Amino acid sequence: MTTDLRPSRNGPPQPTSAQTHRAPRRTWRARLARLDVKGAPYAFISPFYIVFLIFGAFPLVYTLWVSLHQWELASGTRKFIGLDNFDYLLTDEGFWHATVNTLGIFVISTVPQLLIALFVANALNRRMRLPTMFRIGMVAPLVTSTAAVAIVFTQMFDTNWGLINWAIGLFGVDPIEWSSSRGWSWAAIAIMVDWRWTGYNALIYLAAMQAIPRDLYEAAAIDGASRIRQFWQITVPLLRPTILFTVIISTIGGLQLFTEPVLFSVATPNKMDGGPLHQFQTITMYMYDNAFGHDRYGYGAAVAWALFVLIIVFSLINFLAVRRTGGAK
Amino acid sequence: MTTLLAGPGSRRPDPKHAAPAGRFRGLWNASPLTYLTLIVALALSVFPIYWMIIVATRTNSVVADVPPPMLPGGNGAGNVGRLFDNPDAYFAKGLLNSMIASSAVTISTVFFASLAGFAFAKLRFRGKNALLLTIIATMMIPVQMGIIPLYMIMVKLGWENQLQAVIVPFLVTGFGVFMMRQYADQAVPDELIEAARVDGCTTFGIYWRVVLPALRPAAGVLGLFTFMQTWNEFMWPLAVLTPDNPTVQLSINNLANAYFKDYTLMFAGTTVAVLPLLVVFIIFGRQIIGGIMEGAVKA
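Chains as they are written, first to last, in this note's numbering: chain W, 249 to 577; chain C, 8 to 306.
Simulated from the structure, these hints should not be mistaken for lab results.
One should not assume that every hint holds.
[Stated by the list, open to error] Some chain C residues near chain W, calculated using beta-carbon distances under 10 Å:
1) Ala50
2) Ile107
3) Ser110
4) Ser115
5) Arg131
6) Phe132
7) Thr141
8) Pro149
9) Asn168
10) Val184
11) Arg204
12) Gly227
13) Leu231
14) Val287
15) Glu301
[Said to hold, decoys possible] The list that follows gives simulated cross-link-like pairs (lysine to any residue, SDA-like), each with its CA atoms no further than 25 Å apart:
16) C/Lys163 <-> W/Asp543
17) W/Lys286 <-> C/Ala202
18) W/Lys286 <-> C/Lys268
19) C/Lys268 <-> W/Asp543
20) C/Lys268 <-> W/Asp406
21) C/Lys163 <-> W/Lys286
Here the structure is a predicted model, which means the values were calculated and not measured.
All C-beta atoms in this analysis are idealised placements derived from N, C-alpha and C, irrespective of residue type, glycine included.
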């Protein structure tokens, strides 16, 4: 550190004396140093842009181009057909069926997930013994692999041998046909999703809750507000930006749901069908099946764009909804 | 819910009689019902993982047992042996592929993201703000959007069914760059960089000797998340790799396709596939939690 300070203090004289002694080398060095200062930042950020341009931006734009074609890799067909794919998409029952499935699973997974996460975060925010143990336990599901857990849950949801039907049987409930009914299969998949993500959202809420000044609660307690009222009238309103964040993240992730339903379709010939009646086929599965399963890359690309539009539309709707409910208060 | 309802219950009288400073302590203490809620939540979180281990260590008759067994059995080694001998799972290969791909992506992401993050946080150059904005914009694009053209690129490069297909597109992410920029902004004092500059350090020298050591905590968290994410990747490997050159997720998918009645074999597969992540989690659990909560604060 001391050596660092010295040259900067009597800096001006030194370079001139050095320059007079060995001028050519100095300028060469100075030029190199200037190149370093000017060029290094661009060199440092360029790896990201190279990777992104080739594998991120280009595919995105190219998807649009592909979607304007009848494009098959196996047969080598590549025919420009304009907007025909999108035209077909609008009346394609398979697509809309998958869209309803995706939205259905999204709603019945996200709403309870975020509510439970709020309550769990509120509980974690208390003073307690072993706080770290509880927090680590809550995020344990996140560090398991999605595919592995989907297999475990699929077995647990088995109609005849599953643990869950056995457990509800203890209460006298008849076995549920989890995979064959549309509603129950959505519920089963929603439970898999929630099992994984509730703890994560709870930790995000907890972080935001810890930033709320405690005297707000103390003042409310003096005024006689119960804990329930404190929760709904202090915690939840102040958490609105965080809730918005989690809603958007859940929308983006939820509408792209893929791994869980794929692995939930046990014993069907085509796993991308989402059950024999396509009862839990999501949009992403439909896209995948068209492109990679049936060599309809052009139409698959059109479905990908439709999904992208849906994600943007729903993120906006959710954004406005959360803002609106907050603004009313 | 129950916690909230019963919250102000039994402990309330205590703080009332306490000194003024401790007057509101009761407001924050966990009530028995808080504990009950958390213990139930904890049990639900951990049980499926525990159940996976139980089945993986037993024999296939386990599924017919009433009531189901609640303790691990002694057949774990046998099941894992069958797993690695299985001709359709290519399990050893999948495990090795996943190790290589996840490690390569992690090292590369941490290196390039911290390099770019340092540049964005601490160096002066033209177009910096606009470039940073484009990075934030890229974070919002869902990866799956481009999966079809990405596959076409791989076909053109002759990379279908090659391991680099699941590595190269993910060498550095916008999220990583942004995260490292946010951290470098606060964690590296400008004076330190100036001092190193005056000392004759090249810009890369400054990064290597001054910035990278200061970024270590954030780099660790980024590395953990990147490793877990790459390890878990399912859709893209499924599209671009074939079942005989799988990642570990595809290996267990192979098992689920062909052996869906052989639960102990499948569960041995899922257990081994999850094990590296659980080991990472046990060692770095605190950092992972810190990472999630930090990220939330920044967002």
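Could you check if C/Val287 really has its C-beta closer than 10 Å to a C-beta on chain W? 7 Å, holds
Restraint outcome when C/Thr141 is required to lie within 10 Å of chain W by C-beta distance: Interface hint status for C/Thr141: holds (8 Å vs cutoff 10 Å).
Hey, does the C/Ala50 contact hint survive, CB to chain W under 10 Å? This hint holds: C/Ala50 lies near chain W, its Cβ roughly 9 Å from the closest one there, short of 10 Å.
Double-check C/Arg204 for me: the hint is only fine if its C-beta lies closer than 10 Å to a C-beta in chain W. OK, holds: C/Arg204 within 10 Å of chain W, min 8 Å.
Hint consistency between C/Lys268 and W/Asp543 [alpha-carbon to alpha-carbon, up to 25 Å]: Violated. C/Lys268 to W/Asp543 sits at ~31 Å, over the 25 Å cutoff.
Are the Cα positions of W/Lys286 and C/Ala202 separated by 25 Å at most? 18 Å, holds
Given the proposed pairing of C/Lys163 with W/Asp543, does the C-alpha separation stay at or below 25 Å? Holds - the C-alpha atoms of W/Asp543 and C/Lys163 are around 16 Å apart, at most 25 Å.
Please check whether C/Ser115 passes as an interface residue: C-beta within 10 Å of a C-beta belonging to chain W. 8 Å, holds
Less than 10 Å between beta-carbons is the criterion; does C/Leu231 satisfy it with respect to chain W? The hint holds - C/Leu231 has a Cβ within 10 Å of chain W, the shortest such distance being about 9 Å.
Check whether the Cα positions of W/Lys286 and C/Lys268 lie no farther apart than 25 Å. This hinted pair is violated, its Cα atoms lying about 63 Å apart.
Status of the hint placing C/Glu301 at chain W (closest C-beta pair under 10 Å): OK, holds: C/Glu301 within 10 Å of chain W, min 8 Å.
Given C/Asn168 as an interface hint, is the shortest Cβ-Cβ distance to chain W below 10 Å? 13 Å, violated
In summary, the numbered hints that this structure violates are 2, 3, 9, 12, 18, 19, 21.
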